[in-house]
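Asks: Fit chain W to the known structure of chain G by using the hints.
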Amino acid sequence: MDQEIKLEELKKGNGIRKWITGLCFGAFGITAFVNLADPLNPVNLVFGFLAGLLFGALCKKFMKAVLGAGNGELKKEHGKKSVSIAVDRGMVFIVPFAVMALAASFLMGWTITGGFVSAGVMTTGAMSAVEIGKLKEKPGMKNTILASVTAWCFSMLWFFAIPFAGKIPSYLEGGITLLFSLKDQILQ
Amino acid sequence: MNDKKPSMIRTVFGMMISPGPTLKTAVSGLPLFFSLLVSALAFLLFFAQTGLDLYKTGQQGLGFVLMSAGAGAIYGITVIPLLGIVIWLILKLAKSDKGLGWAIRSFCLGYSGTLIYGIIGMIFSLALGWRTSVAFGVTGVLWATGPIIAAIREMTDGKTALGILLATFAGATVLFSWAIFGNL
Numbered sequence: 001m002d003q004e005i006k007l008e009e010l011k012k013g014n015g016i017r018k019w020i021t022g023l024c025f026g027a028f029g030i031t032a033f034v035n036l037a038d039p040l041n042p043v044n045l046v047f048g049f050l051a052g053l054l055f056g057a058l059c060k061k062f063m064k065a066v067l068g069a070g071n072g073e074l075k076k077e078h079g080k081k082s083v084s085i086a087v088d089r090g091m092v093f094i095v096p097f098a099v100m101a102l103a104a105s106f107l108m109g110w111t112i113t114g115g116f117v118s119a120g121v122m123t124t125g126a127m128s129a130v131e132i133g134k135l136k137e138k139p140g141m142k143n144t145i146l147a148s149v150t151a152w153c154f155s156m157l158w159f160f161a162i163p164f165a166g167k168i169p170s171y172l173e174g175g176i177t178l179l180f181s182l183k184d185q186i187l188q
Numbered sequence: 189m190n191d192k193k194p195s196m197i198r199t200v201f202g203m204m205i206s207p208g209p210t211l212k213t214a215v216s217g218l219p220l221f222f223s224l225l226v227s228a229l230a231f232l233l234f235f236a237q238t239g240l241d242l243y244k245t246g247q248q249g250l251g252f253v254l255m256s257a258g259a260g261a262i263y264g265i266t267v268i269p270l271l272g273i274v275i276w277l278i279l280k281l282a283k284s285d286k287g288l289g290w291a292i293r294s295f296c297l298g299y300s301g302t303l304i305y306g307i308i309g310m311i312f313s314l315a316l317g318w319r320t321s322v323a324f325g326v327t328g329v330l331w332a333t334g335p336i337i338a339a340i341r342e343m344t345d346g347k348t349a350l351g352i353l354l355a356t357f358a359g360a361t362v363l364f365s366w367a368i369f370g371n372l
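For the record, the sequence lines run as chains G and W.
Mapping of the first sequence onto my numbering: residues 1 to 188, in sequence order.
Mapping of the second sequence onto my numbering: residues 189 to 372, in sequence order.
Chain G on its own, in the form it takes in the complex (with noise of 0.2 Å):
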């Protein structure tokens, strides 16, 4: 009954922090994929906002799935979405990164966000951690070892996918100016 009770306590403004937590990450993209010579430019701005957050939902979508398969006994115990639920909890923990790494972006002209971003997501892998240790009765060291990995991994593949992403705006700038003057040419 009072593990019940602490689950519920623990999923209120569950939906706030997704959002929230999307928003960092969207905002990380924007941070990886600015041009400080024109930093308002849409093309830059949307797509690495999308990157973003297509980067946080697999982070989190990872993390929720290897935590949940180290935690099969806590599901039982506290339903499928107890794992989930905590994940989110410590998700919101990236906050202060994202927050730095816009001001460090936008007001001090810093173009390398990447440590934002692999010290924001090992300080939420390592939340959610303590967020699932709050269900248990003895937390251990598992959870912190499975979530410090999977950020890790993350936190890499950031690190490599970026270089190539980044070429993707200017290609679909490109594109989209070569699709006008075609369709110009056409009208004209």
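Read the hints as simulated data drawn from the structure, not as lab findings.
Small disclaimer: the values here were computed from a predicted structure and weren't measured.
Among the hints, erroneous ones may be present.
[Unchecked claim] Covered by chain W, per the in silico footprint, the following chain G stretches (three or more residues, Cβ under 8 Å):
1. 92–100
2. 111–122
3. 141–155
C-beta: ideal position from N, C-alpha, C; glycine also.
Replies: Frame of chain G, contents of chain W only:
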């Protein structure tokens, strides 16, 4: 009663990897000077690497590297405990029952990750000639955000929003004051 004193090395690694349990068990048993030593060394190495990076690009001389290391040590002994005091005062209004000593100790120890990153960065800087202040130094400072969130949560009985807000303030203060130093 458990009279065993917490191991200092284990506390440093514990604060980096799993700050929540370390704060609960080890912080109150450690002397204040050890916590101050951790933050002083962490920022000494971080600022020294900034100086070394500027030395390698020919923008500054060797004297600046030594001055940076000294400034870092002073920063670690003064600014970080001061941040701890400011946040402790704010949290006093939120009815935190933790003492000032605990707050300063946990804030300074929060930079254990910065110290470990600083040591590794310094090895890469001196042995391989890499420029490490951003890759290792900034990453180390960002790593401290997690332990600081954990410390604030410990002081507020798990209040998430306040923890996030104050950790953002602390992280941004350290990072941007370093950036100003780098541009001097």
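Asks: Run every hint past the structure and note whether it holds.
Replies: Hint check results:
1. 92–100: holds (count 7)
2. 111–122: With 7 residues close enough to chain W, the hint holds.
3. 141–155: holds (count 3)
Violated hints are absent here; each numbered hint is respected by the structure.
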